[in-house]
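**Q** These protein sequence lines are chains A and B, in that order. Mapping to the working numbering: the first sequence position 147 is 147, numbers consecutive. One rule links them: number in the working numbering = place in the second sequence (from 1) + 1000.
Just so you know, these hints were derived from the structure itself, not from any lab. Since the model is a prediction, treat every value here as computed from it, not as a measurement. By construction, the Cβ of each residue, glycine as well, lies at the ideal position given by its N, Cα and C atoms. It cannot be assumed that every hint is accurate.
Across the chosen pairs, the derived CB separations fall in these ranges [unchecked claim]:
hint : chain 1 : residue 1 : chain 2 : residue 2 : range
1    : A       : Phe38     : B       : Ser1105   : 19 to 27 Å
2    : A       : Val30     : B       : Pro1083   : 30 to 38 Å
3    : A       : Gln198    : B       : Ile1031   : 35 to 43 Å
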Amino acid sequence: MGQSMIWYLREFARIEWIKKFLFAKTAPLVTPSHFRGFPEPTGKTCQHALFCMMSCPAPGAIEVVHAEDGWMPRISKGHCIRCGLCVEACPNGVLKSGRILETMERERTSLLFSFRIAIDLELCTGCGNCCTACPVNKVADAQMGAGGHSSNDEVIMRVQAGDIVVIHEDKCTGCKTCEVSCPTGAIRIARILEGFQQPVQEGSQ
Amino acid sequence: MTILQQIKNKVRARSIHVAYVDVGSCNGCDIEVLACLAPRYDIEQYGIFVHNNPREADVLLVIGAYTPGWEEKLAMVWEKIPPPKAAVAIGNCPISGCLFNRRESFVDPPVKKHIPIAAEVPGCPPRPTEILQAILLVRDAVFANWEGEHP
Ligand code: SF4
Ligand code: SF4
Ligand code: SF4
Ligand code: SF4
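Generate the whole structure from the sequences, applying the supplied hints.
**A** This is the structure we're talking about:
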């Protein structure tokens, strides 16, 4: 009896078991570095392409604001869902989150924006508001007056013989200024986000 | 502070009872709260118990974007909790309405308009570690010295 008691105590009253019972702690509350957190700046310069804002699915999560030294995206906690789309969509690698950038490099993936301009000629009155409002047009042809006529071939769109003609859809930056300035709602900009993966050559891995 | 009060503080901070209420979430945050109970995060090792009875609770976890069905009801649940008590908003939904806060939607965030919120845990959903950390911080802030502040 006495011997079995001693045996019992020696078997079960182990110091490490008692320690574990009294100070039970599973793995400490740390977040591994590869988890996607709220996007953080990498230090690269923001070029104000606004692709982060265009790709963000959460209302009010990201805004590109003018900080003291240029533009910078600002994430609002409480709105951001940590999806990482802004990190992937930024063409300049301004943001980082978890190991998204490393994975993109390894897998050779990218998200690319393109923009399509659709004009409903039934609704369009040929007023030229969109042409004069477009900031790209302003740079391409500073002379463009009200009416949207231009002899410059570098503009995105212009009014020719009372009709609007789109010349350089590829230059559109997707800002949608034209949409807002159209009195009849005839012009619509589609923002298209495409994911690409470049093939990895054989033997390169 | 008397010895008795010190003991009460210790015991109170070591025994937190949690109730949670889902005021219109997508269930993502509920699952993360559930994950806190599982062995990996094991919320009970800190002396935190999930009871889901406001009468017994110390901490109320509020999840979701506050749908119209919760008007008055949430305040009722909050009043049923005896002091000391604290409410923690879990996820983006009670903070901002998250993806549901769009035009023509019926949600009415933030929840802190309706009941006092002691801590907010952003994320959609927040990680179990973040939820746990928030509860532990609220515990230290509200319960660890309750006797000292309310003699
Ligand atoms: S991580 Fe997602 S939700 Fe957050 S700011 Fe970027 S795109 Fe928006
Ligand atoms: S979206 Fe912006 S850049 Fe594109 S055509 Fe309209 S105004 Fe010009
Ligand atoms: S602003 Fe609208 S109505 Fe005027 S030219 Fe452009 S698309 Fe046509
Ligand atoms: S914060 Fe996100 S995961 Fe949590 S309930 Fe709201 S939508 Fe769902």
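**Q** Give a verdict on every hint.
**A** Status of the hints after comparison with the structure:
1. Checked against the hint of 19 to 27 Å, the pair Phe38 of chain A and Ser1105 of chain B passes, with Cβ atoms roughly 24 Å apart.
2. At roughly 33 Å, the beta carbons of Val30 of chain A and Pro1083 of chain B sit within the given window of 30 to 38 Å.
3. A hinted range of 35 to 43 Å holds for the C-beta pair Gln198 of chain A and Ile1031 of chain B, which are about 36 Å apart.
This entry satisfies every hint, going by the numbered hints stated previously.
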